[in-house]
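This is what each chain is made of:
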Amino acid sequence: MSLIHARGLVKRFGDFTAVDGIDVDVARGEAFGFLGPNGAGKSSTMRMIGCVSPPTGGVLRILDRDPRREGPAIRARLGVCPQLDNLDLELTVRENLTTYARFFGLPRKVARRRADELLDFVQLTERADSRVEPLSGGMKRRLTIARALVNEPEIVLLDEPTTGLDPQARHLVWERLFRLKQQGVTLVLTTHYMDEAEQLCDRLVVMDGGRIVAEGSPRALIERHSTREVVELRFEAESQEAFAGKLAGVGERLEILPDRILLYVADGDAAVAEVQARALPPASVLVRRSSLEDVFLHLTGRTLVD
Amino acid sequence: MVTFVLPRLISFEGAARRSASVVERNAATLRSAYWLVMASGFLEPILYLLSIGVGVGSLVGDLTLADGRVVSYAAFVAPAMLASSAMTGALSETTFNFFGKMKFMKLYDGMLATPVRPIEIALGELAWAMIRGNLYAAAFLIIMVAMDLTTPLRALAAWTATILVGLAFGAAGMALSTYMRSWQDFDLVASAQFALFLFSGTFVPATAYPAALRWLVEATPLYRAVDLVRAITTGGLGWTQLIDIAYLLTVVAIGLSVAGRRIEKLLCK
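Quick mapping for you: the protein sequence lines, in order, are chains W and Z. Everything in the first sequence is counted per UniProt numbering, starting at 1 for the first residue and increasing by one. Everything in the second sequence is counted per UniProt numbering, starting at 1 for the first residue and increasing by one.
Be a bit skeptical, because a hint or two may be false.
Computed list of lysine to aspartate or glutamate pairs in DMTMM-like fashion (alpha-carbon distance at most 25 Å, straight line) [said to hold, decoys possible]: (1) Z/265 to W/66; (2) Z/269 to W/117; (3) Z/265 to W/259; (4) W/140 to Z/109.
What the hints contain is simulated information worked out from the structure, not anything from laboratory work.
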């Protein structure tokens, strides 16, 4: 049985269709990612899964229950870390957890014990009695994640868990999420960071314009939608385009950016040799492995959406 | 652990318990600054009672009520101050505070990700507002008894009536707040509240107004609240008070259901 099961799921706001008929299945213990540019429908999907936004159409089953009728019972077993921290600024760090635990009906003693365990888990024990306001962005995010775990949820929904965090804070969050995954918690997250998706997700879907445009493991997506390697060439010239014509036939695909040319190839070194054989000495050459970012940009385009 | 602890907890938890957890959250925020704000709400009706009830009262002398009973002006004004302080206490929670929590603190978005439902948020906040209104009322009643403006037994009965008053204004205020777009809109609420405070048979009996105006005054919620509380503290309970009670109960029911539905509409899009 899949914990999250959607068929032809639709969400409309007036005339605007945010989610346009998606099929999703998430199995227990899986780390599942929704990738996509802003406005792709990721957050709308997450809110429907979180049972705070009724679907406009299609089938949605969470934990084998109907979110329309059994919202409270489903939410009791979910943990939600929203895109924007909505911590209680009138309470201390610890009170944020104990109060939240009470919304789930945990006895006070259990709530206090859970709060202490979670503060330790997200490394905030020293700030337990501090107000929320003076905490750094990374600390607030960790507290929000801790709050999402207070009811020992079976599924944790994380909407852009590390957006806006500095590298240290991001890595700490990733490390904690990885530990949760090891404990068997099902993670569902949205992100537009490719490294985040590659680090955390077993399986992911790429969304664009409310639809799913690709699905698979990070590795499989790269294999299917990109080449094994990418060669980045930079020529010393006003325009890179002049060189593009001369590169025809090298690699499977070629992309011209304002400052460089990307060659999608199976073998990077062989491609570089070919470029040099054509007497086109670039100012700089970089051969790298293809990443999820290449897949993402290929599928959703380079144009700014919003 | 989850699988065997949670279902058992949920099986006997209900709307009441979840609403209580919302009240509990508010109790956890009580800090010194908050008490100061609450103290000012308590002081205001006492200042009115002393300045107008006792001060102006010494010029006015005694007053003959509609049913023929004669009471001192202070005894006439005091229950009105009592009702309006219950109104103020409840309204300040369900207008300003409620709006701030919903729109700016995004507090309810967090709550709604838990089993707590919109109507339970409304119920919890209303219960909290009623408690605040009733703290004012209790303190004020002690002063009324001390000033010999009512008897201790009547004060106790009046206190239970102020529970209803607090609930009614709290529910109405909350329903109204869900339609507010910005803080500026609350200026209108404040003006309406002050107009109610001045003209709801508080300082002058409604019978003193021209017939048309009198009907208007008697249709306002604060008039019904004052009428109910005054009948109790001056010992003149009659059938009219059943209208007051029915009126206030209706306001509670409508206010609550509108607030619950509006919270859902605004936050569960």
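Do the hints match the structure? See the list:
no., hint, verdict
1, Z/265 to W/66, "holds, 20 Å"
2, Z/269 to W/117, "violated, 34 Å"
3, Z/265 to W/259, "violated, 49 Å"
4, W/140 to Z/109, "holds, 16 Å"
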